[in-house]
Amino acid sequence: MIGRLWRLGVGIFLALPLIVVAGVSINEQQSLSFPPRGLSVHWYAQIFTDAGWRAALLNSLWLAAASAALAVSIALPLAWFLWRRVAPWARVVQLLGIAPFILPPVITALGFLSFWSMTGLYGRLWTAAISHGIFFTTLPLVTLTLGFSAIDRSLAEAAATMGADDRQVFRTVVLPLITPYLVSGFAFVFVLSLNEYIVAYMTVGFVMETLPIKIFNALRYGYTPTMASVSVLFVAIAAVVFGLVAWFGNLPRLLGAPGEAEH
Amino acid sequence: MRREAPQRLRDYAPIVWPGAMLVVFFLIPFATMIAVSFFHRDPGAFYTPGFELANYQRFLTAFFGGILGFSLFLAVLVALVAVAIAFPFVWSLVRLPRRAQVGWLIAVLSVLSLSEVIIGFAWSTLFSRTAGLTNLLVLVGVMDHPVALTPGFGAVLAAMVYQALPYTVLVLYPALARLDPALTEAARTMGANPVQAFLTVVVPTCRNTIVATLVIVFVFALGSYLLPQILGRPRQWTLSVIITDQAIYQANMPFAAAMAVLLVVVTLAMVGLAARLGRREGAQ
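Heads up: the sequence lines are chains C and E, in that order. In terms of our numbering, the first sequence opens at residue 139 and continues consecutively. In terms of our numbering, the second sequence opens at residue 3 and continues consecutively.
Bound-form chain C, shown alone (with noise of 0.2 Å):
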């Protein structure tokens, strides 16, 4: 009884600022106002025919796509070595991938920013895929790490045995298995990619605007309700591709849930 309150309180909580900002977004004037004055659907439009917003929005896609691919590329490998191998050095490699994500995202955006205008390419569009897709490498390194664990060894032992090499052992084997990881993996990054504001800030935000940069500049210069659509657009997005990882997969097991045969 006290815990379905709580729980209650809780989603109350997280809902309300998302209900009011879903509130102005339908509102018919281009005014801040809640209760919404009339209803529209005009600002939801606007994210698709004005060109400033289409521009960010394709941006903002690009780059979450290019780094989430960056980051399974690093995470995938490193976690079949570490594991496949006894190798203690090895742990100071995966330190590397996880320290972005611990570390204030300040200090990461910094680092970028001092390399990336020392090495005189500040300001190319691609490094801030490089960028998103180090900080981010964290996510899919955690979910394949609980993937490889979860992996029955004598099954990878019977194949080898049958004379599989390592490489025929992980095609057949163990990227079956862990596939799921993967494409959760993949998600965490696309979606944390898309709302991220001060890496891309720091490497490309001069010369190019992705959603969040629009959103914090169109707030700078006072207020549009484009910028409640957006918000409703994300969370929606947002809710989506994790239903989507949930239908799939294992929600809480990937989540760090004990498995339900654990039980």
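Keep in mind the hints are simulated off the structure, nothing from the lab. Incorrect hints may have been included.
On the chain E side, residues computed to face chain C include the following (Cβ under 10 Å) [what the hints assert, rightly or not]:
#: 1; residue: Val38
#: 2; residue: Ser115
#: 3; residue: Trp125
#: 4; residue: Ala133
#: 5; residue: Leu172
#: 6; residue: Thr246
#: 7; residue: Leu275
#: 8; residue: Arg278
#: 9; residue: Leu279
Beta-carbon label-pair distances, calculated as ranges [to be verified]:
#: 10; chain 1: E; residue 1: Glu54; chain 2: C; residue 2: Leu371; range: 15 to 23 Å
#: 11; chain 1: E; residue 1: Phe155; chain 2: C; residue 2: Gln167; range: 42 to 50 Å
#: 12; chain 1: E; residue 1: Thr63; chain 2: C; residue 2: Ala207; range: 24 to 32 Å
#: 13; chain 1: E; residue 1: Gln252; chain 2: C; residue 2: Gln306; range: 54 to 62 Å
#: 14; chain 1: C; residue 1: Arg262; chain 2: E; residue 2: Pro45; range: 24 to 32 Å
#: 15; chain 1: C; residue 1: Trp264; chain 2: E; residue 2: Arg235; range: 24 to 32 Å
#: 16; chain 1: C; residue 1: Gly258; chain 2: E; residue 2: Leu185; range: 56 to 64 Å
Virtual Cβ for every residue (Gly too), placed ideally from N, Cα, C.
Use these hints to put chain E onto chain C, whose structure you have.
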């Protein structure tokens, strides 16, 4: 398949790409930042290479000492509030059927992934005069006219707790999900009500988990770089905000880097503490 030490050169192949990427694009940028913190600021051209401690000395003034003190205080407060809300929530969450848990987890993950820009915008709307919470209070007759609740300390705190709460939930979730469900049974059979059982059995059992989570959330809250700026007054700006401000708007990279190094030192000390506590928990 047993784990074996790599023997031939070919066995090292998988780790070449991850290792090279992380060294070139994380370790070297990090070292670059540390180097820049000793450089000389050149107002015309960002900075010129050199070695001076001026950037660190500047930090030793009372003004920046005050900012560090406020940042630590705010992060501690956010961690305490977030854990106090999240712990009972997660305890009741892991007791739910799997399906209901999945629904909550999707919601929590969706809020967790929200951009700090969007959280700041959402809370500034919620606390605004024209569209905010106080309009509801006027509607039900509690207040005469709507007021703005931002900028101010309360707004910063509320938004930072909002940002930290999903993270806190996900840090606590694995630990509490692994706890024996029969833990409170003995207390319940002896006549304790659920609240008593929770406070006298569950909370003491998880003492180390709680402390470790507090530290992790504290570090997370230290990283908040926009909310104090969007929702607070300049005197509520934290170290992360000041670093961004110095790097971007004051174009003083060496000083920003020096403050960033200090922030790393504080963070690492805290993470080390959390790791120690976690290990003690594991040893029990």
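For each hint, the structure was consulted:
The beta carbon of Val38 of chain E is positioned within 10 Å of a beta carbon in chain C (closest approach about 5 Å), and the interface hint is therefore held. Interface restraint check for Ser115 of chain E: the shortest CB-CB distance to chain C comes to about 5 Å, inside 10 Å, so the restraint holds. A hinted interface residue such as Trp125 of chain E counts as satisfied when its beta carbon comes closer than 10 Å to some beta carbon of chain C; here the least separation is about 6 Å, so the hint holds. The closest approach between the C-beta of Ala133 of chain E and any C-beta of chain C is roughly 4 Å, which is under the 10 Å cut-off, so the hint is satisfied.
At about 6 Å, the closest approach between the beta carbon of Leu172 of chain E and any beta carbon in chain C falls short of 10 Å, and the interface hint on this residue holds. About 6 Å separates the beta-carbon of Thr246 of chain E from the nearest beta-carbon of chain C, less than 10 Å, and the hint is met. For the restraint placing Leu275 of chain E at the interface with chain C, the shortest Cβ-Cβ distance is roughly 13 Å, beyond the 10 Å limit, so the hint is violated. For the restraint placing Arg278 of chain E at the interface with chain C, the shortest Cβ-Cβ distance is roughly 15 Å, beyond the 10 Å limit, so the hint is violated.
Hint status for Leu279 of chain E: violated, given a least beta-carbon distance of 15 Å to chain C, over 10 Å. The hint said 15 to 23 Å for the Cβ distance between Glu54 of chain E and Leu371 of chain C, and at roughly 48 Å that hint is violated. Hint check: Phe155 of chain E to Gln167 of chain C, Cβ distance near 33 Å, so the stated range 42 to 50 Å is violated. The hinted range of 24 to 32 Å is not satisfied by Thr63 of chain E and Ala207 of chain C, whose Cβ atoms lie roughly 46 Å apart.
Checked against the given bound of 54 to 62 Å, the beta carbons of Gln252 of chain E and Gln306 of chain C, roughly 57 Å apart, stay inside it. For the pair Arg262 of chain C and Pro45 of chain E, the supplied restraint of 24 to 32 Å holds, since their beta-carbon distance comes to about 26 Å. At roughly 39 Å, the beta carbons of Trp264 of chain C and Arg235 of chain E sit outside the given window of 24 to 32 Å. At roughly 59 Å, the beta-carbon separation of Gly258 of chain C and Leu185 of chain E lies within the given 56 to 64 Å, and the hint holds.
Violation of the numbered hints given earlier is confined to hints 7, 8, 9, 10, 11, 12 and 15; the remaining hints are satisfied by the structure.
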